[in-house]
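Participant: Residues per chain, in single letters:
2 protein chains.
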Amino acid sequence: MKEKKFMTMDGNAAAAHIAYMFSEVAAIYPITPSSPMAENVDEWAAQGRKNMFGETVLVQEMQSEGGAAGAVHGSLQAGALTTTFTASQGLLLMIPNMYKIAGELLPTVFHVSARTLASHVLCIFGDHQDVMACRQTGFAMLAEGSVQEVMDLAGVAHLATIKSRVPFLNFFDGFRTSHEYQKVEVVDMEDLRPLVDMEALQGFRNRALSPMRPVMRGMAENPDVFFQHREACNSWYNGVEDIVSDYMDKISEITGRKYRPFSYYGAADAENIIICMGSACEAIREVIDYEAANGKKLGMINVHLYRPFSLKYLKEALPASVKRICVLDRTKEPGANGEPLYLDVKDALDELGLNNILVVGGRYGLGSNDTTPAQMLAVFENLALPQPKNHFTVGIVDDVTFTSLPVGEEIAMGGKGMFQAKFYGLGADGTVGANKNSVKIIGDTTDKYCQAYFSYDSKKSGGFTCSHLRFGDEPIHSTYLVTTPNFVACHVQAYLHMYDVTRGLQKGGTFLLNTIYEGEELVKFMPNKVKKYFADNNIEVYYINATKIAQEIGLGNRTNTILQSAFFRITGVIPVEKAVEEMKHFIVKSYGKKGEDVVNKNYAAVDRGGEYKMLEVDPEWSKLDISLSLGEGRGEVSEPAFVRLTPKTATSCQFLPSRKWQTAHGPAARRSSRNAVYRRLFPYGTQRTVSSATSAHTFVLTLASVRSFLTRKRKKGSWLLTLSS
Amino acid sequence: MKEKKFMTMDGNAAAAHIAYMFSEVAAIYPITPSSPMAENVDEWAAQGRKNMFGETVLVQEMQSEGGAAGAVHGSLQAGALTTTFTASQGLLLMIPNMYKIAGELLPTVFHVSARTLASHVLCIFGDHQDVMACRQTGFAMLAEGSVQEVMDLAGVAHLATIKSRVPFLNFFDGFRTSHEYQKVEVVDMEDLRPLVDMEALQGFRNRALSPMRPVMRGMAENPDVFFQHREACNSWYNGVEDIVSDYMDKISEITGRKYRPFSYYGAADAENIIICMGSACEAIREVIDYEAANGKKLGMINVHLYRPFSLKYLKEALPASVKRICVLDRTKEPGANGEPLYLDVKDALDELGLNNILVVGGRYGLGSNDTTPAQMLAVFENLALPQPKNHFTVGIVDDVTFTSLPVGEEIAMGGKGMFQAKFYGLGADGTVGANKNSVKIIGDTTDKYCQAYFSYDSKKSGGFTCSHLRFGDEPIHSTYLVTTPNFVACHVQAYLHMYDVTRGLQKGGTFLLNTIYEGEELVKFMPNKVKKYFADNNIEVYYINATKIAQEIGLGNRTNTILQSAFFRITGVIPVEKAVEEMKHFIVKSYGKKGEDVVNKNYAAVDRGGEYKMLEVDPEWSKLDISLSLGEGRGEVSEPAFVRLTPKTATSCQFLPSRKWQTAHGPAARRSSRNAVYRRLFPYGTQRTVSSATSAHTFVLTLASVRSFLTRKRKKGSWLLTLSS
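Each protein sequence line maps, in turn, to chains A and B. Sequential numbering of the first sequence, starting at 1, is according to the working numbering. Sequential numbering of the second sequence, starting at 1001, is according to the working numbering.
Hint data in this document are derived by calculation from the structure and do not stem from the laboratory. Idealized CB from N, CA, C, for every residue including glycine. Check before you lean on any hint, since a few could be wrong.
Listed next, the stretches of chain A that the computed footprint assigns to chain B, with coverage defined by at least 3 CB atoms under 8 Å from CB atoms of chain B [claimed, not checked]:
hint, segment
1, 347–354
2, 397–407
3, 604–613
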């Protein structure tokens, strides 16, 4: 057994790493969040990297995704192994060519970082609406739920398409997997090369259009033969499931990680299981382990091979003990009686003679709505009810059509030695870049597993960013934001008043603030809520004036290296000397080209990262009054300006927890509804912008937003929310 | 009750007629078979026709269907009722905008003459692959199965979209419905105007983007609110089913024809039913009536409202007696475990607590594969088997993966006084145009119902055409080619040797041949098979030298009017004087602009259409040897030239009915397999081109076509088909 080789990378890099090996041509038109795949391949090609056949990939950027798909089709017809990378609307533009490519049985892999589709609004974030819009094209579909799975299984898509001639759409969750940094075990070209079916590959090349082997293709057919020929593909599709299964076995041998077309995880005698696809499977896995520790026997089927949908391998994965199944779809198809995976599973069970199993379905995670263990716990709780809710949503509060499940408190998950950190920054302030370096430093210089995810809104530069870092002794399966951090750094002092930056910070945890204040002035600046949290939870509080230090060094507003250095020094996640050495190593790598001066300034930033101070937490802060009232002050309430525009539409309403809401959400909701919904309504605690689940329809957004300006009063033990005008 | 108004038109004209009333803007990019809808609307607009609101429709042709959909979106945002017409790949290019239009709840109707999608080859013909590729977009979907249904229900789509705000995709079968001429009862603008929800319409107009009412729309959203807003459409979708049902009731009141979201037809206590969508429902209806006469109780649910898929109205339609359901899908989704309607019905029944009903699914009619009563009978026969085949095909012989059902002989259907005629012509020889005139003449001047369908291949001009005409005293539901004609006209004498032109011609029927021969020479020219058929079936045979007459008149090769005149004179379907008058009336209408000379020449053609002669049928012809052997003569075997190119790939194979085939097709197949398959293999009798269901894969079409050159030998009672090289 050869030594394992680890690298810290994101899902896009893992997919590009595999795709490069198998490609002779890549026709690209980069789109968020798939762009880095195309960019990586382009960069490697420019550097002369060789694919599995000793060639440099020919990369061609086209004028649109329609053109990219057409170029893929043409290139395949010419006998070149060709791939592309896309997502969302870009993938939709490829649909016409996908029918052609599949119809002509041309082997290719489209790597897709699944993203939602523009509907009521544009959204660059992740769900499965795009890939599900392609499930009828005749492409096989392979799904992965983590960076490691992308590394392990993307090759299966390439290998299986060559052998089966059926083209593959290989996908993983946009942002959550595509942009999550993980320390993963790398699959080498030498591991995969022996698995290529060279005879099938030669067959593909022999079928290339060539004056030497003249054939007619792509003609028109009439009603006399079209149907017969459309059916002639059946035997090729019938072969895919075993080819994929076989390659998964071979990959499992190489990696030691077991993969099946449908991978089962959980108790061998589970009665209630979830069937799901993509990154949420990792969170479900954590919940299964957590509940197993509580003596509950739960399970999950992680769907890797979604098309062709294999009854045989679904049956293989399904424990005989199963009585109830919840199918989770990360998509929404308005007007359908159920989402696609749900419909497929329902039919499959019936065809397997298992229609005694109760099946319900739900939607989750649309537009990268964070999918947490508490949500998955709620899904299992729903499934255990006498009459589980069907066609539910989880992760939002739907107080219009009452589809949502009640969700309890988040629970700290993760293996031994898990360290969780959050960094609040400003888009383009360098926080994200510094944190990427930090995980690489920790990943590359220690035995620790690490993960980094960066949440920012689509405004990007100048917008809100939050970096979520985890380090641990075991592989990290937490495919969601850090909700229970050990460490929080707030790089923008104003955020103390805008966001609930201390939320979830564990008792005895550490807080670092970048601020221009100190002493009494700092204490005066901090909101009562933050101070009370520090006192109540025994938080160690540090502060540093990185803004001033950066100016002194001559780095302008680039505080990132100073704060990164402070993070390493305060937390000691790795020895400080080692951290300093590695940070300086990365500075040379990142800024070396910009000259000695820039390098030296950053060196200085590393050194001066030690200039933080500790803030004495006054136990008296526990007694501070943090109740909110309208107009309490600029620091507590940020009133959206546009509310004032539309006073006519405002009405008052008793809002939560109304009897209707409680009835709709069942008895379990009563316990936690008030707290849960409060969090939902005021996601950042002091911010009063209510989620528009309260509006009848999103289209009238500015009208609906009137409702976001609320006053709250306790009245006879229930919350009364009154619109302000 | 006002007088019924009838007109003879095709489905495209019916859809355009309705669409025009409700449209202020039409953004178009015509594509077969939807082009005539856009062309009609364009023409009417040019003529200044007014819509329901007294306006002329603004028609704008764009640069592609992508542009047309974008223009629709923009026009809707500006508050104009907007529509478009498309099909196939054109519809696929609209998908991205469809998500936007649905997401923003903009009322529109896309009229689609459903067409297959280019996969292994291009095909311009009809099935539901295109509309099914849009079922996830959030558009409501309404389906019609006949020209009358298009006339009656297209308005429901327009009315319901205004009231519900959910956009509609209104579709009917490409070619079969879009290009079928039927005498239909016309729905007037005055019938529909009172049904418009003017308040909802005003709401739509008020929501238009305007500097007077500034709102933000089409923004980007982030993970914090996207999911909530995506779900906010639920209540709008929930409302659609009742709105559609309500409008159907109102339309039923006006027309006297009952429509429901799911329309049931058949025995109130049927146990075995078919669920289907589109024109095949009409053929199923005929089979149900035919079998009812045999004492069998069968039924059918005709799905009109496909999206939102309504459990409530499915339940309403379903007789309590139903035990078995066959769901027929006119689409194929390789890799899915079932086609869309099948999956929807399976889930719906389970959710309705009806999972004791056995459900199987099958595919039919891809690429306008003709869907006949015999096929639908085979579907009912399959459903009655102890273990009905699931995931079958019907209409082809699948001897590769053995999915197909065995199909028996075609049966003559149709109501009282049904007259069926077939006209074989050459593309652009005027046969089709003349027949369109003929049905209009018969439809407009008599109480008879009439139907005309024109089958031609995608070569169009210069290719093979066959006109299929039916006239009867009752509405005609035969949505398939004429298989049992009373009258056959062969306008091209060479076809006697190329196609089985007498096939299905009823005993005592009439045959008209356009030929340059007469007397002994004609008898010598005619193939034995044709002569024997005439003698065996007591056929009245006429011939005319229209080619010569046309030249004499100065019409060149335009024989159409002469042969049309001969048809009316020979058959006497309407009084000859009336026919002559009407033909001349149409000549003025068609050629008036071209001057008196052209009109007079065509008048002469009408008059000289009487110059046909009768051919004496010799009873001795019954004894003619019509067995086929390889190379029997140029007249009998048309050897495809390209077969000679690829001799290496030829192998011999015992073909039918092999034990494997029989096993796969069940006991019922044994009886009729030989005949049925023979017809399938040799669809035109003397033509030896075998359907490529025999090839392992269509992609190597020229290789597979080698197999088309076969010799046949009887061997021990089974057919031995040997490849010729």
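Participant: State for each hint whether it applies.
Facilitator: We went through each hint and held it up to the structure:
For the segment 347–354 of chain A, the assignment as covered by chain B holds, since 4 residues bring a beta-carbon within under 8 Å of that chain's beta-carbons and 3 suffice. Given a C-beta distance limit of less than 8 Å, the hint that chain B covers the segment 397–407 of chain A holds, as 5 residues qualify and 3 suffice. Counting residues of the segment 604–613 of chain A whose CB falls under 8 Å from any CB of chain B gives 0; the rule of at least 3 is not met.
Hint compliance for this structure: hint 3 alone is broken.
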